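Note that the protein sequences, when read in sequence, are chains A and B. Note that our numbering numbers the first sequence so that position 62 is 62, with each residue one more than the last. Note that our numbering numbers the second sequence so that position 15 is 1015, with each residue one more than the last.
Be aware that a few hints might be false.
[Stated by the list, open to error] Heads up, simulated DSSO-like pairs for lysine-lysine below, C-alpha to C-alpha not over 27 Å straight-line:
(1) B:K1390 to A:K15
(2) A:K14 to B:K1311
(3) B:K1314 to A:K137
(4) B:K1314 to A:K14
(5) B:K1390 to A:K72
[To be verified] Every beta carbon over 10 Å from chain A, so not counted as near; a handful from chain B, in silico:
(6) K1059
(7) L1072
(8) L1081
(9) S1321
By construction, these hints were calculated from the structure, which means they are not laboratory data. Quick caveat, the model's predicted, so the values are computed rather than measured. Glycine is no exception: its CB is placed at the ideal position from the N, C-alpha and C atoms.
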Amino acid sequence: MIEAERLCKVFQDKKRGQVRAVSEVSFTCKPGQIYGLLGANGAGKTTTLRMLATILEPTDGTARIAGFDLLKDPQGVRRNVGFLSTSTALYGRLTAFEMVQYFARLYGMTDAAISKRIDELFTRLEMNEFRDRRCDKLSTGMKQKVSIARTLVHDPPVMIFDEPTNGLDVMAARTIVQFIRECRENGKTVIFSTHVMSEVEKLCDNIGIIHGGRLLTEGTLAGLREKSGLHDLEDIFVQVVEPHIPKEMVAS
Amino acid sequence: MSMRNTLIVYRKELTDSLRDRRTLISMVVVPIVIMPLMSIGITVLMISVIGKAVQEVPKVMILGGDSSPKALADLKAVKDLEFVPAEPDYRQQISDKKIRAAVDLPSGFDESLKDGKDATVKIYHYSGDLKSGIAVDKVENSLNKYRDTTVKLRLEAHNLPGNLVDPFKVEKENVAPPEKVSGAAIGGFLPYFVIILCLTGAMYPAIDLSAGEKERGTIETILCSPVSRTHIVLGKFLMVLTAALCTAVLAIISMGVSFSVAKTYMAGRGGADNPLNASIGLKAIGAVFFMVLPLAVFFAAAMLAIALFAKSYKEAQSYLSPLLIVAILPAIGGILPGVEINSRLAMIPVLSTSLISKEIVSGTFHWNYIGLIFLSSCAYASAALFIAVKLFQREDVLFRT
């Protein structure tokens, strides 16, 4: 379960002064459901998810993740979260096995438990062939599988994906989409951010449209269609976001 | 749990760094191969060059002297000098290194001595040229002996005692064993090498584990693990410290080994003050290492903190390279002659360690300064480590764009 309550993040920028990247974002995401955070580049998706993963500390507001408050017990949150994004890279000089084993150790797992879990994950994700190959020698698809194994090794109840398919080829992206779906089937709470409409349509139970750091609207795909009177998600997105884009930018 | 996490991070960083070619070169190849080659190689080369220069028979030209057969015969009796006939371009020949010196005996030199008149013998040489210097020494020695004999003969002629112009003698006796004398000379370089190697050994891992991680995008991966940021940075710091100390230890061992090899090879060459005859006790090496320990902690933490601030490997390199020079300068101060430790200098990091280590190596243990310097180095080290830990908590440093 993820319960975000009025999350805010203000950055200090040398040129622009105070920048409000996220402003009063609140939503709930339940176990066995996928919540899609849909927004353009710079909308505040990554900052929101980084706050949920406790990588960034909120300036205001908070969230409860798997029962842990991210301000009061960030380590408790991290123990229950699997975080995957295109910027969570792998240690190139470690092998696929060592990479997953390292994180399993950091999660406090025993050697016996690690061995069992890695065998299980590597078999399920068909990773045994490149188990002892260094991560910098792996293909993009293989790297994605190692990242997935890394996020799943401690079997977290909550999964956070930040634009996980960004920059991936069709096959690698399909692996990720399939994996996100499996997470839901296994009863995990899943939140993921994207600007790819088709992914949202395929996967999400609930959709939140974010722009300028604010959550403008949320609901199921059917609910959004009904509210907007439109069918295509892209059209719905434009209808929601356009009034918030400065006029001179729309004109240009 | 906390120490366990730091050790897990440390173990991973160790594996990771040992697979990094740049770290391996600075941590293993430089101290084992390059440093001994540089230090011992230069010493051996110097001894060989001096040895060859001493063995060579220098050519000396005698100008004049036709009217002074006695003085001429005395001069020509000098061994290991080859005398060449006088030519007018002797200055040019000295400059061209065809001859090493020229001696100008004034006309009627024998006669002047006999009559007790003033006379000047002039030696032309090329200052700064080792071989010219050797030739001049030999000529000067011979002339001095000739002068002494003349003085003696004059005193005898007037029935005066020989000690009239030499009322007392001065004798010097060295109580320090020869290896200690040369040990003190070369010992100043030992802490210098250890300090510099600690610094260079720490540099690459410090960059790789901080700015390198930012550049490769793994910093976010490790930040989403449940380990606290303090434990992550401590694990990284331990790895940088290991690299610094490992570089220094390997350098000392490899220099020790190559030193003994060079000593055997060069046995009997280069004279009593041959620096290769030096011997530095294990106790002194251990003590130097003990003094360098807090300095290594300081370097490791400071470099990690600075590199952490950088966005990329290149940026970190441009920050740390000047630091290398800043740290080398006080280390050099330690090997300058005449600079001695005092309570003010004891507060300056690097310089104080360099100075006290020089004293330790030459066998002097100033316990009050040792304590003071160790404590001040520990204070600097703690401050640097504290800053590194604090910087690792800051979002604007970790996600600096």
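Which numbered hints fail
none
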